[in-house]
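When you get a sec, could you build the whole thing from the sequences and use the hints?
Take a look at the letters that make up each chain.
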Amino acid sequence: MRLPLILAAGALTLGLTATPVLADKLDDIIASGVLRCAVTLDFPPMGSRDDNNEPIGFDVDTCNDLAATLGVTPEIVETPFPDRIPALVSGRADVGVASTSDTLERAKTIGFSIPYFAFNNVVLTREDTGIESYEDLAGKNLGSVAGVFEAIALEEDFDTWEGGSFRTFQSQADVFLALNQGQIDATVVTGTVAASTVNSGNFDGFVIKGEAPFLVDYVSLIALRQEYGLLNYLNLFAHQQVRTGRYEELFEKWVGGGAEAPNLTVPGTYY
Amino acid sequence: MLGTSVTWGDVTFMMTGAGLTLAITFWAMLGGTLMGMVFGLIRAQSPWYVNHPLGAVLDILRSVPLLIQFILFNSFQSIAGLGMNPFVVGCVVLAAYTSAFCTEIVRGGILAVPATTRKAARSLGMTYWQDMRYVVLPLGTRVMLPSWIGLTLGVMKDTALVYAIGVIELLRSSQIIITRKPHEALIILAIAGLIYFIVSFPVSRLGAHLEKKWREND
Amino acid sequence: MFNINYTFHWNQAFRALPDMLEGALITLQIAVLSMLIGIVVGVLLALAKEARFAPLRWFANTWIEIARNTPALFQVYMIYFGIPAVLQLAASLFGIDFRALGINIFYLDSYWAVLVGIAFNNAGYLAETFRGGLRAVPPTQTRAARSLGFNAVDSFRLIVLPQMFRAVFHPMTNQMVWAILMTSIGIFVGLNTDLTGITQELNARTFRTFEFFALAAAIYYVIAKIVTGGARLIAWRLFRY
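Chains as they are written, first to last, in my numbering: chain A, 149 to 419; chain B, 108 to 325; chain C, 3 to 243.
Because the hints were derived from the structure by calculation, they are not lab data. There could be a bad hint or two in this list.
Under the rule of at most 35 Å between Cα atoms (straight-line distance), these lysine-lysine pairs were calculated in the DSBU-like manner [said to hold, decoys possible]:
(1) A:Lys288 / A:Lys357
(2) C:Lys227 / B:Lys319
(3) A:Lys401 / A:Lys173
(4) C:Lys51 / C:Lys227
(5) A:Lys401 / A:Lys256
(6) A:Lys357 / B:Lys288
(7) A:Lys288 / B:Lys319
(8) B:Lys226 / B:Lys320
(9) B:Lys226 / B:Lys319
(10) B:Lys320 / C:Lys51
(11) B:Lys226 / A:Lys401
(12) A:Lys357 / A:Lys401
(13) B:Lys319 / C:Lys51
(14) A:Lys256 / A:Lys173
Laid out in structure tokens, this is it:
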């Protein structure tokens, strides 16, 4: 009489302890039915707001696609660039779909998927500065967003040039305003953002003058460094976006203009 | 509007930002004043081994840029998994910062009441709390209120720094409009400045008036 | 309650300490220069506010009220982004297009914008401090000095000024600490060489917000303590009876 009872109790305990302990972020997202994406909305065409203040852009669509594959509802958490990591670490967002350059420095803190987009950087200046190419930037007053990929690359070159100044701002918008006001003569910025800014017509006199000779700026989806299950899923997702043609489709929708979607692979190596 | 491309919609957007500025000011002043009263009472009449450590902690809040306190606490709460939204973070940090200044105001107010006056009150048979309520409070308020009004104005201006953690208050909302209409930068900034001024100036006049009036009666 | 997903990397922050200390020097430089300018302009404003010539009084009043009733961040932002717009507007009214001539009169470096902005703010606050200082010395003292045979200059220099200085010394120390802390808003107008600017850049590169800013906070604290401590020492030397 006693023995079966003990056995039953033991089986019950085992059964209880066995299942829920290993639930990771990926399980949590699926169980909660909501995917919260950290997206930066002052970075058109990747993320911005339409006339009704609704979030739109390449990153917003990518988040929606990701939520659809997981079978959950997407939720956009607006995060300015500096707030992307706090949002993830505090659990206000599950993944970051926010054009995050995959530097090794940052990978010490946060987990990166394989690239989901890539930027080429171009020189953006005003018509009156007389700047015609990247080489003309030497000795000029330059500016960029603090700590981003193109800012680091530009500052490295700036340090080898004589004269001029290099300033960094807290948002892309401030850089454009400083360029417009004449506080800086030129900036180096991702090609898609430059094109979308010139086309917006808000800043007359803005012109793109050639490419910056930087390495391609690959950007990745981000999640907490230790969430391997989720990061694995994000890798496969980024891969499938290209394989299914959805990547090309989104590129055409948000960038377009006859340009070709950037190649996300690097010849001669594994990721 | 005024021959520019600034629309009423933009002005409304800025007014919403101004509302947020006032809301943060309100919560920060409420929290900061309550904490400041408690800390001020403690500091004015406790032995050195309580007074000094408390003073040192509050001194840190006054010796580190508020901007850095915002960023640091925002980062801390995210690491600790508190998941506060930026508005709450702004209110909490600003309330703590305010309390550090309010403590000194309250302490100064209490210490400004001469010890002999208070001893006289106690000799008349008043209890400690009666002495506080009927002697220290009315006399101390004259010293405290003008400084407290000054502190309120300071806090309202300091709310501009919550910009750093992504709260869209008055200055940040102006900046958002400027990025869409860079040619109107000047008028937009002027409107923002005017809103700050309209709120701040009358209150600062009131503070100066009270200070003058009460000083004359001394 | 605490669900910590984070391991602190203090090493990384400490390795950046030399860079941050270099930034602290720029911070101090801006604060000291802005104080010097602020003191000179503040005295002038305090005098102008008492002037008989009305426009001078209006000018001083406008300056002081704007400095005291709008955020310092707004003032710096206005100087960096607003003043060029004013100049541009003024130039276009006269039909001059400087840009076409290849002259950039609108250029104002972040460093100068922050320095001018904080000096503007300091001057406004110090003007009121100095006015209070002037009042702290009753006119009877001057009269007494004069009747003792001091001339006007000497009675001001030897009797009024020392007492005034004593009255404004403490508020000036506070203003100095405040100027140091205010320099941190330079990051909003592109300043990337001061302590906060360098910290913010390290933060953006590494995403190690807490470690870097905690170290920066400690450095600011130490600087502020050195300034107040130094001021206390000076006050003790100067003002003991």
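Cross-check of the supplied hints:
no., hint, verdict
1, A:Lys288 / A:Lys357, "15 Å, holds"
2, C:Lys227 / B:Lys319, "33 Å, holds"
3, A:Lys401 / A:Lys173, "31 Å, holds"
4, C:Lys51 / C:Lys227, "34 Å, holds"
5, A:Lys401 / A:Lys256, "34 Å, holds"
6, A:Lys357 / B:Lys288, "23 Å, holds"
7, A:Lys288 / B:Lys319, "54 Å, violated"
8, B:Lys226 / B:Lys320, "27 Å, holds"
9, B:Lys226 / B:Lys319, "28 Å, holds"
10, B:Lys320 / C:Lys51, "21 Å, holds"
11, B:Lys226 / A:Lys401, "81 Å, violated"
12, A:Lys357 / A:Lys401, "24 Å, holds"
13, B:Lys319 / C:Lys51, "18 Å, holds"
14, A:Lys256 / A:Lys173, "20 Å, holds"
The structure fails to meet hints 7 and 11 from the earlier list, while all remaining hints are met.
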